[in-house]
Amino acid sequence: MPELPEVETSRRGIDPHICGQRIARSVVRQSQLRWPVSPQIISLMPGQTVLSSSRRGKYILIETTAGHIIIHLGMSGSVRILDSGAPAGKHDHVDIVFSNGVMLRYTDPRRFGCMLWSDAIEHHPLLVSLGPEPLSDAFDTQYLYQRSRSRKTPIKSFIMDSHVVVGVGNIYANEALFMAGIRPLADAGSVSRIRMARLVVCIRQVIAHAISVGGTTLRDFVGGDGKPGYFKQSLLVYGRGGEPCKQCGGVLQEVRLSARSTVFCKRCQR
DNA sequence: CTTACCGCCTGTCGGC
DNA sequence: TGCCGACAGGCGGTAA
1 MPELPEVETS
11 RRGIDPHICG
21 QRIARSVVRQ
31 SQLRWPVSPQ
41 IISLMPGQTV
51 LSSSRRGKYI
61 LIETTAGHII
71 IHLGMSGSVR
81 ILDSGAPAGK
91 HDHVDIVFSN
101 GVMLRYTDPR
111 RFGCMLWSDA
121 IEHHPLLVSL
131 GPEPLSDAFD
141 TQYLYQRSRS
151 RKTPIKSFIM
161 DSHVVVGVGN
171 IYANEALFMA
181 GIRPLADAGS
191 VSRIRMARLV
201 VCIRQVIAHA
211 ISVGGTTLRD
221 FVGGDGKPGY
231 FKQSLLVYGR
241 GGEPCKQCGG
251 VLQEVRLSAR
261 STVFCKRCQR
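Quick note on our numbering: the first sequence kicks off at 1 and runs consecutively.
Incorrect hints may have been included.
Each pair of labels, with its calculated beta carbon distance range [stated by the list, open to error]: (1) E254 with T65: 19 to 29 Å; (2) S99 with L257: 29 to 39 Å; (3) T65 with R267: 54 to 64 Å; (4) L257 with Q233: 18 to 28 Å; (5) A66 with K266: 53 to 63 Å; (6) G85 with K152: 53 to 63 Å; (7) L135 with Q32: 41 to 51 Å; (8) S192 with D119: 16 to 26 Å.
Under the rule of at most 25 Å between Cα atoms (straight-line distance), these lysine-lysine pairs were calculated in the DSS-like manner [to be verified]: (9) K152 with K266; (10) K246 with K232; (11) K232 with K266; (12) K246 with K266.
Please keep in mind that the hints were generated in silico from the structure rather than gathered at the bench.
Note that the Cβ used here is the ideal one computed from N, Cα and C, for glycine as well.
Could you build the full structure based on these sequences and the hints that come with them?
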């Protein structure tokens, strides 16, 4: 389940292999992803050169001489660098093959992800209304506090809303709220400014830490020592419902919030 | 504008 | 051992 740190790790993994490379052709084996793969991925790509890669939220953006490729990994997606001769497996949906024999392969068993093309990335509907990056200056106490006023939605849902802040998935939302000592079900609008300030710090911390260890799930790009679960070992509450709180020893509660597993400590979080 | 809920997918896992 | 339902979950879309 790629979250922001895994997406960033993926982007860093492919970037040096694709930048400056000329695209020879693309292959789409399965076009039915979250949305159909843009036809331009096939029709416009040959002959184009990759200029750069970047990331916005959980979207990987690949800039070519004709426009941008927008990639989302959904729940189970991955991008890998392979030799163009590598045989395709069941869930290898799209290949972008470069003239030097290197290939970028998009794989996604559950097909929740997407591969789209845009020639006006700054106006793309998927990107235009996204909230700030959690590690950017724009994401600060003032911003989060102001946006949360009069919001009745649970604070956990609030910080998982990509229009509020990007990249905070279920795992990191649980972790950040525990670190901040805030109950996931508290009304967003009722969280005090002081506690909102703490939450901003905790979201930053957990995301930055996860990026620094290369995320949890995607580790097999380049030179990966391939040790999975780096971040998993840092988890304080996620996946630990019924187990003792690492802070007070009490039993961690687990509830469903909008169909998502939500774990917290009754004593440490208020 | 807000909020709550739906559905897209398939691999995995627990129960019988 | 095999079958089957529940579950996982990002997030756009839609209804109220």
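How the hints compare with the structure:
{"no.": "1", "hint": "E254 with T65: 19 to 29 Å", "verdict": "violated (50 Å)"}
{"no.": "2", "hint": "S99 with L257: 29 to 39 Å", "verdict": "violated (49 Å)"}
{"no.": "3", "hint": "T65 with R267: 54 to 64 Å", "verdict": "holds (57 Å)"}
{"no.": "4", "hint": "L257 with Q233: 18 to 28 Å", "verdict": "holds (25 Å)"}
{"no.": "5", "hint": "A66 with K266: 53 to 63 Å", "verdict": "holds (55 Å)"}
{"no.": "6", "hint": "G85 with K152: 53 to 63 Å", "verdict": "holds (56 Å)"}
{"no.": "7", "hint": "L135 with Q32: 41 to 51 Å", "verdict": "violated (34 Å)"}
{"no.": "8", "hint": "S192 with D119: 16 to 26 Å", "verdict": "violated (45 Å)"}
{"no.": "9", "hint": "K152 with K266", "verdict": "holds (21 Å)"}
{"no.": "10", "hint": "K246 with K232", "verdict": "holds (15 Å)"}
{"no.": "11", "hint": "K232 with K266", "verdict": "holds (22 Å)"}
{"no.": "12", "hint": "K246 with K266", "verdict": "holds (13 Å)"}
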